[in-house]
Structures are given as structure tokens and as C-alpha cells.
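Chains as they are written, first to last, in this note's numbering: chain A, 1 to 300; chain B, 1 to 211.
Be a bit skeptical, because a hint or two may be false.
To be verified - Subject to a maximum C-alpha distance of 20 Å in a straight line, what follows is the list of computed EDC-like cross-link-like pairs (lysine to aspartate or glutamate):
1) LYS42(A) <-> ASP206(A)
2) LYS274(A) <-> ASP189(A)
3) LYS274(A) <-> GLU81(B)
4) LYS252(A) <-> GLU155(A)
5) LYS274(A) <-> GLU83(B)
6) LYS22(A) <-> GLU201(A)
No lab work stands behind these hints: they were computed from the structure.
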Amino acid sequence: MTPLLILTGTPPFFLGVIAKTKAFFAGRKGPPLLQAYYDLAKLLRKGAVVSRSASWLLRIAPVAILASLLVAGLLLPIVGEAPLHFEGDLILFAYLLAVGRFFTILAAQDVGSSFEGMGASREAAFGALSELSFFLGLLVLSILHGTVSLNGLFEATSSRLLVAPVIFLLFGTFFFTLLTENSRMPIDDPTTHLELTMIHEVMILDYSGPDLGLILYGASVKLFLFMVFVSQILWPPVGYLGPLAIGALLLKVTGVAIGIGVVEAAVARLRLIKIPQLLIANFVVTALALLVMLFGKGIG
Amino acid sequence: MNWILIGVLLSAFFILGISRLSACIRAVAFQGALLSVLPIFVKGWNDPHALFLFGGTLIIKAMVIPSLLFRSIREATIREEAEPIVSLHLSLLGGGGIMVAAFSSLNALPHLAPPFSPLFIPAALSIVLIGLFLLISRTKAISQVIGFLVLDNGIFLFGMTLVAEFPMTVELGVLLDLLVGVFVMGIMIYHINRTFDHIDTGALATLRDTE
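Okay, chain A solo, but in the shape it has when bound (with noise of 0.2 Å):
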């Protein structure tokens, strides 16, 4: 039950966490920690507006997204053992994602407005080449951890900081795929709502009320899902069930939302063309990642 609990309940905090960090750099004070869960209230209390034009599949989509990032959520293991799990579940898990982005994609081209579908082609290219490297990488880790499944990804290792150059060749890797995925700074401006380089905001422009809410949860979740992954490659669980698990995996998920929020606060929005490329350079890190992991054995 507990996995559950935290899976669904503490995802928006992150996000607070996120624009706290952006604030402190920039030296305002910024929103209060719990925004994200005030601002899912009062959209979840509106009435949903939708387009004339739009199909059943605008009306689903939201849920659908939102269910595949749930289910997804289930099969990492966020506190102790992962609710569900079965040999080979990390393809499972990286294509429950996908199907999570399929969604978004087909639900922004419903409408039918020249926009949003730019968005869509935005994502679906970048989406293409972020998941390369995250394949590549998600390879590199059963190899080292001799196993296909998430399971037992992240508990095979005993509980303390790994330090090896694979290892931080795999986190840089994930981090990055992170900040792709989830539409964060160097590649897409979160907050931005005015402007044509933006992709993930601008797929969800149709939306409104309760459907823009799950929608809004669900990113949070998403990110929520990452940032476990990431921090467990760096630094895998403490134990089991119970309060210190549960304890160091809230510092360890925050940590990584304040190394997001630095990310963010430090770097600017790269130029579109120069996405594709950095997306590469990720793919030719993690191939590096996978060579020196079969030729030098990885640690040293």
C-alpha cells in the first residue's frame, strides 16, 4: 500500500520543490511549496470545455496518459519490492511511458490546429531520439546488474552511494533523457505558453477544467517516475519497507528535483536545431557507457 501512497500522493510536491529552487536562484521568493496541489484543486472543481471539432479520443486521453503512467509507477520500485513485477518488465515500463506520449501526440493532432500539431511532430522526433539512448541505457544496466528486471535493477546492489565511472556515464544519460522527457530547460521551457519553440505546452492547449488537471498531474507523475529512476542508479534503496526507506527515498527524489531546478535556473533554452543534436551526443555518451561497461568491466 505504501508504494501506492507515494506513487500517487507526492508527485506534485516535486514539482513545487522544482519552482522553489528556480525562485531562490533568481532571487524572488516564489510559489508557495504545495502550489501544484492547490492549482490541481481548482481545475479539478471547473467545468471542461471542449472543442466542437474534437473526437472521443480529446476525452480519453487525458485518462489513458495518466492510467499508463500509473501502471508504469507500479512496476518501479519506488519503497521496497515493486507492486508488479516479472522478468524483463523494464521494456514494459519504457513502452508504458511511450504509450504515455502516443497519447498525447495522437490527442494533440485531434483538433486539428496547426499548432499543436507542430508540437506533436516536435515531440514524437525528440521522443524518437531519447528513447535510443534510454534503451541503450536501460541495456547497459542489466548487464551491470546482471538482470532484466526492474526489481532487481535496483535492489541486486547494496544500499550505499556506487561510485564508478559507469555509473555517472549512466546517471548524465538518464538525468538527460529526464530533462527531455518531462519538457524541462535546455529543451523545453515548462512555463512558457507564448511561444513557437515550445513542445509539450503546446500539445495540451485544448484542454481545460478536470481533463487539464489529469493532465497536469500526470506530467507530474512522469517526472515523479524519472527522478526515482534516476536517483536509485546513483544511489540504490536503503532496505525495506518502513520510515527510513521511505525517508531517504523523499530526500534522495528531492535532491534530484533540486539538481533539476538548478539545472533550470543555470542553463537557457537551447536553439531548436541544436536539440537533435545534444540528444545524440546522450546517445553517443550511453554508447560509451555500454563500451566501457563490456570492455573494462565497469568499475575501477
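Place chain B on chain A using the hints.
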């Protein structure tokens, strides 16, 4: 030692993917600084030969050569873009391909004794080949010099495997050679720039006698 080798490889990729020349020069300087630590790893702290090599490499590779390059950028008033023949995307992918090829040839190459990590030879081979790739895929003379420096860093890595047997004078001779090479290239860049108003070496191909 693995950390240093990976740092060297990453800085080579950085040079492949970045278009600003000053950032490229800084990356080469960083690569030189990383390489200069290697002799100490190989021979230990209290070996005078290693310390001398460390100092010499650090000064020449990480300080003198980059400052010479910065000076020639300033004097030739070069526009700060690399302008490769192959696009930066493709050069990055090419660098990745080179790395995969170099690492897969591991079994064909002789294995090194324990003080060296098993990554040593493949890393050196990738750096040499990436340097070669930079050398042939860039049009500006200054980025070709950068490619040459990366190439030389790879050769330095190879040389590191022999450092126990080599006399110090040979190593220093190689370093001085490099310094003189860069010096001469700096003068050449200056003259190319004086004659053609830019340092795009493509223009050299169209040279002919004036009637």
C-alpha cells in the same frame, strides 16, 4: 585511471559537437590537463621522471599551446565558428562509430599489464581516430590545428604505455616538437589570413599563377 580515460573521451566528443572555437580550445586544454596526470598514475607520486613529465605536459599542453591558439584567434580576427564539412550531428555520430570500432578491435590488440586499465588502448585508438576525423572534416585552419592536437593527445596516450622504458629526453623532445608545430601553424594561420582575408583552407585549393 578509468575516470581520466573517460574524461578524455568525453572532451573529444565535446570538441566534435561544439561549434564555438574558443570552447574547442578550452576542451583541448582540459584534455591536455587530464593527460598530464596519467604519468603519475602509471609510475607513482615519488618518481621524478613522472613528476617532470607531469609538469612539462601540463605547462605545454594545457597552458602554452591553448594560449598560442587564443592569440592566433585574436590576431587573425577569426569568426568564432567551426564550419565543418560534415555536419555536427554527423560528426558526433561518426565519433561514436569510431569509438565502437576502436573498442571492438580490443581483442586484436595486445593486452596491457595490470597498472593499465583495459580501456587504455581502445581509448587511445579512438582519440587518434577522432583527431584524424577532426583534421579531415574541418575547413578552418585553426580547427584543423585543434584536430591535430587531439590526434597528438591520442599518440601521447599510446606513448604512456611505454613510459617505463622510454628515456625522459624522448618524451620532452616529442612535447617540444608539438610546441614548435603549433607555433609554426600559428604563424601560417596568420599568413593565410593576411593573404586571403580568412582562414578557410578550401581557398588554398584554387591557387594558381596569376597571368
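Hint-by-hint comparison with the structure:
Restraint check for LYS42(A) and ASP206(A): the C-alpha separation of about 17 Å stays at or below 20 Å, so the hint holds. Between the alpha carbons of LYS274(A) and ASP189(A) the distance comes to roughly 15 Å, so the proposed pair stays at or under 20 Å and holds. Taking the CA atoms of LYS274(A) and GLU81(B), the gap is about 14 Å. The hint holds against a cut of 20 Å. A distance of roughly 16 Å separates the Cα atoms of LYS252(A) and GLU155(A); the hinted pair therefore holds under the 20 Å criterion.
A hinted pair counts as satisfied when its Cα atoms are at most 20 Å apart, and LYS274(A) with GLU83(B) qualifies at roughly 15 Å. Under the criterion of a C-alpha separation no larger than 20 Å, the hint pairing LYS22(A) with GLU201(A) is consistent with the structure, at around 19 Å.
Hint compliance for this structure: no hint is broken.
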